[in-house]
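The working numbering numbers the first residue of the sequence shown as 3 and each following residue consecutively.
In short, the hints are calculated from the structure, not lab data.
Since the model is a prediction, treat every value here as computed from it, not as a measurement.
Check before you lean on any hint, since a few could be wrong.
In silico DSSO-like pairs for lysine-lysine, Cα to Cα no more than 27 Å straight-line [to be verified]:
| id | residue 1 | residue 2 |
| --- | --- | --- |
| 1 | K132 | K111 |
| 2 | K175 | K303 |
| 3 | K349 | K303 |
| 4 | K175 | K349 |
| 5 | K97 | K111 |
| 6 | K87 | K101 |
Listed next, with one range per pair, are the computed distances between beta-carbon atoms [what the hints assert, rightly or not]:
| id | residue 1 | residue 2 | range |
| --- | --- | --- | --- |
| 7 | N14 | F331 | 49 to 57 Å |
| 8 | K9 | K329 | 49 to 57 Å |
| 9 | G243 | L135 | 26 to 34 Å |
| 10 | D266 | R201 | 42 to 50 Å |
| 11 | K175 | R31 | 53 to 61 Å |
Cβ atoms here follow ideal geometry from the backbone N, Cα and C, with glycine treated the same way.
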Amino acid sequence: NKPTLDKVILKNGAEIRSRPVGTMGDAFRGFTADVNWFNESSKWPEIAFTAIMPTLMTTGGYIWMDSTPFGKFIGNTTNKTFFFKCWENFDGRWKVYYKTSEEVIKSRKITDFWTKEKQEASLKFLEDQKSLLSDMEYRQEYMGEFMDDLRQWFDDDLIIRQQTEERPNTIKKNTEYLLGVDVARMGEDESTFEIYEKRGEHLYQVENQITTKTTLPQTYEHIIGLHRQYDFTKILIDSQGIGVGVFDWLMVNDDTRRITVPIDNSVLIEMPDGKTMKRKKTLKYSWFKMMMETNKIHLLKDDSIFQSFKSVQYQYTNDSLGVRHLKIFGNYTHIAEGSTNAAWGGKHKDLNPIIYTIKV
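My request is simple: use the sequences and hints to build the entire structure.
The following block contains the structure:
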């Protein structure tokens, strides 16, 4: 009964077994358990919980879990993780204990082992970590906060509240449709085509199309095909970087050149005070968020749309002169980028005026 790497037998006959989770949880199959203790369970594959649960069926056993929070949702979906659902505890089935590192260090009773010197050293360590880590990293690792909520530009509840629309079965004639395009890097990522119907001051998303690993000519042809169907009032597309190639072709096409509007995220725009300059990308996302908060943006019910808006993050940075600037960024923002382009077109009555001349 000597201890091994995966098993310890206590004097009362109880066994403690350690099993690897893997990607499926199959190493747990065939066992029965009185207690399952899931370590760092916020990062476990969801299917592993399904495989492990039957081990408790005949024992009336318990589940214990501990973890640093990681994420609320499974991948690019709106489905909550098992760990987050247990932490929310809406059905009251769980006993939830939430403690931050700061609370534990400050409230832990001083003993011969946990001395005042150790407490002060630990508090100093946390202060050092605050200066070394970003605010997001510190709050996740030491304050036990779910990283989804840290510096998230669009709150989950706001996105879900505005996802009210189903894809329409028909395309209306004589309707003001706006197309926002985000062009992927050559042969990489995903290009997105976000179509909104403008009704007064409101924008209703009617389509979200994604293409992968497409060339610039293919992206251009896709836009032309959509224009034949929807007869867009405006096509709003990034005009810098890789998007400039598609923009140039749209500008020489007689059917699209008068409705194509360039979007340059890096351009600085002077504010009404005449002193402040802000990047167009910042203004785009601020405008879109304001439209959502005033219930004037209506999004499709689509998990990929939720995840894209959810992934938009922000932080404040200082330039060389010490001036503070808002930075918008993210890893899965292509749908949000196309949508903010489209909404920017709805902000102004005419972003691309046509000038007619008459010989006299």
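Query raised in the report: Quick check: which numbered hints come out false for this structure?
Result: Violated hint (a single one): 10; every other hint is consistent with the structure.
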